[in-house]
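K.L.:
Just so you know, the protein sequences line up as chains Z and D, in that order. The numbering used here numbers the first residue of the first sequence as 1 and each following residue consecutively. The numbering used here numbers the first residue of the second sequence as 1 and each following residue consecutively.
Some hints here could point you the wrong way.
[As the list claims (entries may be wrong)] To give an idea of the interface, some chain Z residues facing chain D are shown, with a C-beta separation under 7 Å as derived from the structure:
id, residue
1, Tyr96
2, Val97
3, Gln136
4, Trp211
5, Phe263
6, Ala266
[To be verified] Some chain Z residues flagged as far from chain D (calculated, every beta-carbon gap over 12 Å):
id, residue
7, Leu23
8, Asp47
9, Gly79
10, Ile124
11, Phe132
12, Gly191
13, Ser200
14, Val258
15, Arg261
Keep in mind that the hints were calculated from the coordinates and are not lab data. Just so it is clear, CB atoms sit at the ideal spot from N, CA and C, and this is done for glycine as well.
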Amino acid sequence: MKPTNQLGASISDIEVFAADLDLQQAAAIYREHGCLVVRSLMNAYIDAMYNDIMRTLDIAISQLDQAEKAPDGWRTPNGSLFIPAPEGYERDKQVYVVGIDYYTSGAFLQAALDAKALDIVEAILGPNIELFGQGQSLVKEPVGGFPKILHQDSAYFEHKYEGPVAILNYVVDTDVQRGALHVVPGSHRIGQLQHIDTFSHLGLDEDEWPWEAAIPVEGQAGDAIFFHVRTVHGSKPNFSDKPRQVFINRYRRPDDYVTIRGFTVANRVEAEKQAQEARKTNAQRGLMVRGFRT
Amino acid sequence: MNADLLSEQQILGSLVLTACEKKEEVTRVVTEKETVIQKETVVQEKVVTATQLRS
């Protein structure tokens, strides 16, 4: 039986195949459901991304004795973020964010510039597109690697206009046991939801948004999951015996910008008070990957 | 004479302060989501006073 979420969509409603891509159909799925799975979109980059992510992680692990304490974990000199590991793990820290980005990995930047991916983003956002952020890679270490409970990214970075389109890409074959992404199709249309402080930072109340509200997107290395900044999503722990690597590229209209940023309920409330004063500054300009900035 | 000496000390103090004013780059990385937007380097103006320098 295919998993179906509360809003009635199933995985077949949100998936297309890179080899047989209809851009308008893909954009229509994204607009309706706030998410889109494009099978095999990133196949060309997977080997290189796997190598670069694991190389970065190896360096990070070798730097753990130099890691600086951060409020929620430790940061190594190469920019990787670690959090406490579950009991019984081989280390007392497990990686959370791997310090790889467009400045350290050519494969990462090439993946962000993939023509077919940008064609889809253009069909969604229009002809002018900038990068938001510098790329991000998350690794769930095996045997209990961190969960991220259901949430909207807009809780962390609400935007003035459409907001960023995120593309989360599987670097390895990923099933539910290994920490597959869960999405709630259609949730991008219900507005900004009230988040609460959780062990995985801002998240939705699990009584109101249980995992059963979402559908798991299992997939193979190279599958890409597009999702709207307001689409509810998250992932369970990695209970497999192998790590789960993903990388994320984000894109937005060049005139778009963050109006509210927060990481706790308290600092988001404070940020909401300043939202009207938010403006696009030069520091917020991303590299143009399509079109022109006027 | 004392007035001249005081003036020289004031000038010297001013030069030390000027030399010690600097911009310090502080990159904050706290949470997974914060890494997305905080890759923008936060430049903080930090004035190091002569007192801080001595301590």
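K.L.:
Now look at each hint and say whether the structure bears it out.
P.N.:
Status of each hint after checking the structure:
| no. | hint | verdict |
| --- | --- | --- |
| 1 | Tyr96 | 6 Å, holds |
| 2 | Val97 | 5 Å, holds |
| 3 | Gln136 | 6 Å, holds |
| 4 | Trp211 | 19 Å, violated |
| 5 | Phe263 | 5 Å, holds |
| 6 | Ala266 | 14 Å, violated |
| 7 | Leu23 | 26 Å, holds |
| 8 | Asp47 | 25 Å, holds |
| 9 | Gly79 | 7 Å, violated |
| 10 | Ile124 | 19 Å, holds |
| 11 | Phe132 | 7 Å, violated |
| 12 | Gly191 | 19 Å, holds |
| 13 | Ser200 | 8 Å, violated |
| 14 | Val258 | 6 Å, violated |
| 15 | Arg261 | 6 Å, violated |
In terms of the numbered hints stated before, the structure departs from hints 4, 6, 9, 11, 13, 14 and 15, listed from lowest to highest.
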